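As given, the protein sequences belong to chains V and A, one line each in that order.
Residue numbers 1 to 531, in the working numbering, belong to the letters of the first sequence in order.
Residue numbers 1 to 356, in the working numbering, belong to the letters of the second sequence in order.
None of these hints come from the bench; they were simulated from the model.
Since the model is a prediction, treat every value here as computed from it, not as a measurement.
There's no promise every hint is true.
Listed below are several chain A residues computed to face chain V (Cβ distance under 8 Å; list not exhaustive) [stated by the list, open to error]: (1) Phe180; (2) Ser222; (3) Leu224; (4) Ala237; (5) Arg239.
Beta carbons are placed, not taken as given, at the ideal position from N, Cα and C, and that holds for glycine.
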Amino acid sequence: MTLKKDSQTRVRLELSAITKTYPAVIANDRVSLTVRQGEIHAVLGENGAGKSTLMKMIYGVTKPDSGEIKWQGEAIQVENPAQARSLGIGMVFQHFSLFETLSVVQNVALSLPDHQNLEGLAIKIKEVSDRYGLPVDPQRLVHALSVGERQRVEIIRCLLQNPKLLIMDEPTSVLTPQAVHKLFDTLRQLANEGCSILYISHKLDEIQSLCHVATVLRDGKVTGSCIPSQETPESMARLMIGKELPICQHDTPSELGEVRLKLNSLSQNSDDPFGTSLHGISFEIVAGEIFGIAGVSGNGQQELLYALSGEFPLASDALIEVCGQAVGSQSPDVRRQAGMGFVPEDRLGRGAVPQMSLSDNALLTAHSSQFDASQLDPSKPGKMLKNGMIQLSKVTQFANNCITKFNVKCGGAKSVAQSLSGGNLQKFIMAREILQAPKLLVVAQPTWGVDVGAAAFIRQQLIDLRNTGAAILVISEELEELFEISDRIAVMANGRLSPAKKLTDTNIDEIGVWMSGMWPKEKSAKDNHHV
Amino acid sequence: MFKNIVRLEARAESSHLMSYASPLIAIVLMMVGGLILFSILGKNPIEGFRIFFINPISDIYGLGELLLKATPLMIIATGLAIGFRANVWNIGAEGQFIMGGVAASAVALYFYESDGIHILICMVIAGGIGGMLWAAIPAFLKTRFNTNEILVSLMLVYVAQLAVSWLVHGPMIDPEGFNFPQSRMFEESALLPILIDGTRLNAAFMFALSVLLVGYVFMYRSFLGFQMQVAGNASDAARYAGFSAKRMVWIGLLSGGSMAGLAGMTEVSGPMGQLTEHVSNNYGFAAIIVAFVARLNPIGIFFASLLMALLYLGGEQGQQYMNLPSSISNVFQGMLLIFLLGSDVFINYRLKWGKP
Chain V
1 MTLKKDSQTR VRLELSAITK TYPAVIANDR VSLTVRQGEI HAVLGENGAG
51 KSTLMKMIYG VTKPDSGEIK WQGEAIQVEN PAQARSLGIG MVFQHFSLFE
101 TLSVVQNVAL SLPDHQNLEG LAIKIKEVSD RYGLPVDPQR LVHALSVGER
151 QRVEIIRCLL QNPKLLIMDE PTSVLTPQAV HKLFDTLRQL ANEGCSILYI
201 SHKLDEIQSL CHVATVLRDG KVTGSCIPSQ ETPESMARLM IGKELPICQH
251 DTPSELGEVR LKLNSLSQNS DDPFGTSLHG ISFEIVAGEI FGIAGVSGNG
301 QQELLYALSG EFPLASDALI EVCGQAVGSQ SPDVRRQAGM GFVPEDRLGR
351 GAVPQMSLSD NALLTAHSSQ FDASQLDPSK PGKMLKNGMI QLSKVTQFAN
401 NCITKFNVKC GGAKSVAQSL SGGNLQKFIM AREILQAPKL LVVAQPTWGV
451 DVGAAAFIRQ QLIDLRNTGA AILVISEELE ELFEISDRIA VMANGRLSPA
501 KKLTDTNIDE IGVWMSGMWP KEKSAKDNHH V
Chain A
1 MFKNIVRLEA RAESSHLMSY ASPLIAIVLM MVGGLILFSI LGKNPIEGFR
51 IFFINPISDI YGLGELLLKA TPLMIIATGL AIGFRANVWN IGAEGQFIMG
101 GVAASAVALY FYESDGIHIL ICMVIAGGIG GMLWAAIPAF LKTRFNTNEI
151 LVSLMLVYVA QLAVSWLVHG PMIDPEGFNF PQSRMFEESA LLPILIDGTR
201 LNAAFMFALS VLLVGYVFMY RSFLGFQMQV AGNASDAARY AGFSAKRMVW
251 IGLLSGGSMA GLAGMTEVSG PMGQLTEHVS NNYGFAAIIV AFVARLNPIG
301 IFFASLLMAL LYLGGEQGQQ YMNLPSSISN VFQGMLLIFL LGSDVFINYR
351 LKWGKP
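Input sequences plus hints: build the corresponding full structure.
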């Protein structure tokens, strides 16, 4: 974990006083950074701290407004990613840069400098993917791949080029803990072979176990650098967010109540030939508990979520029961009337309309909430519709409540949704669903791309909602998050759901093994029903 | 080299100001373009401007004509805007207008030589239903087979044009009309009452104003209008919220179709007083431009319709006094749309000077 500090260790990349300004924000403000040969260098920072922008400039996607980039001692201008690759810089993006209509092997061939024999390349891809535990079929079309699989393609694509510097932008969010270990082994091996690695992350434990050196960014500026192995997560968090890491209060559930969500052996073939079909999924969630579903993306979570939300209604009512009401073939409206709230993983464009105001976005799902305006609790709106007409004052009142109660940073209820940062928009959507006092709340990726402070706040709100007696289903790829808030946890793999375990009876390692589909088969799905 | 001096830069957020300034800029550019066009044609541009934009509305009769021409535009554009806001692209208002006119004419001819207010009422209903049925075809095909409503509604315009041509040459021809391809002149009882003596402006104008008002309330105050706007902005969000996409298609097309049909009725029972092959005067297409210049907003539609009506009148004056071809109105309409689309770029982009 410590790097040989001999004087021979050459500097591979040196950034000095890099500045990049976008119309509304200074993304990087005189950032300096030095990466040595064979060094795994962490760039640590919250979402929006400017990590991705900095990496894009190294990779030639955008150009700095000022500052200097030195590559192996020579000042250079990286004009485009092709030049970066010819220098020996590879990058795995957080948001993927793949052509969706092409196959995996075609995508890889496009990024390689010479014309490739596709069959030979497919074999090479297979080799690399086996060696690094990144299974992917070279002939599949990218549009049909899950998020996790797309990232594997990106990683393989870089590794095929034997890079001298590999930039990894938040690479572990879609991997199982075991796969993360495997990836780390790969990265360490690469570093030993002399390859430098720039590792972008906000996960402190990962950085501690993997990286030699860390540079910390906050609001586009370097706030410090450190040797992670000599630091504590708390001290690094202070550098990263400027204050103590917030911790959720999670006490044991009080009284468990009646069944609020019941799935009766839900099986569904996916329309998409590369989608994941669901196989006999059964579980029950009762009032007063948080049920977490873990799993690597692309294992049927999307399909399960669509089945739950009602955006694509099922063939039969009996498959899904919300608060005792069979709603399998019913629209989202009916499910909401039955007491279900739903937070999708895409905020902009699905959970909220980007061009419309927060008031309008409050109306989006809260329009028929059965609250009485005369109720004393000011957070509960009056009826927002009267004879098909919108009661603007009620809508604005509700939107303002969402903003103040959840501390949403925005210019008021009239601001358009797309003007908010990801974390603030997520807080708003959470507020909209939670303040309607759902009996059952289904949440997908509650804190994806949300900064640490907002993430802790959102988790606390979920726990508080549980404490008022609501049932909550959380589907997340972040295991740490599920372990922080869930009362029971199950795993999805290959469209099947594992038995559920009480959080106190399991641990991250066991769930990690289950994430590859290997849970004890003798346990039947009936065990998912609460006892 | 040039791109180092001036370039387009994406705005952080789309400009609210620009989205309202853009139509005004387009109008100014259209007028400037018109002046240049007059000069190229060897006409005095100032004189041309006067004849085109001032002459037509210099007396009470002219003002009446302006409002008369604006009436069908207001009615159609409001109906279309409801659909456009939900990304339902009804391009076939021209055909729906014709079919509304045909249906209303059929009623007028059926009640020929009889009297009573019921005739006009039946004509209004027939006009609306005629246009609505014509728009129901693309709506059905879209919701059932996922056809493209732009193509289907547009192609049905040509079907409607041929249909009306056949009708006025055959079944609906005036038996005493010396074989001219047109219907009988309607009786007084089938004509809309005149609003101001000395003009041709009729009661349809009051109807158009109420359409604008109802349209405004529907778009900005009703939950259904809200749902349509959500569907237009983000279809995934509409599905997430449980708004039916099929319902949006039906409402969008039927509102456009019924309004176009009603406008067709006001034309045959207003200034035309009969059904001819040329019942429409391109109102169905011009209304699309009106709706976009107006930013799909009923208040904007009121003013944009007046402007478009002025272009019609100016074109007529231009033919009369400047020997310009009859297509001059279309040229001005086209310039207006092109300049509007051009300046709309600056809603999301801005010009940046100097090196990147």
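These are the hints, each one checked on the structure:
no.: 1; hint: Phe180; result: violated, 49 Å
no.: 2; hint: Ser222; result: holds, 6 Å
no.: 3; hint: Leu224; result: holds, 6 Å
no.: 4; hint: Ala237; result: holds, 5 Å
no.: 5; hint: Arg239; result: holds, 5 Å
Taken one by one, the earlier hints fail for this structure only at number 1.
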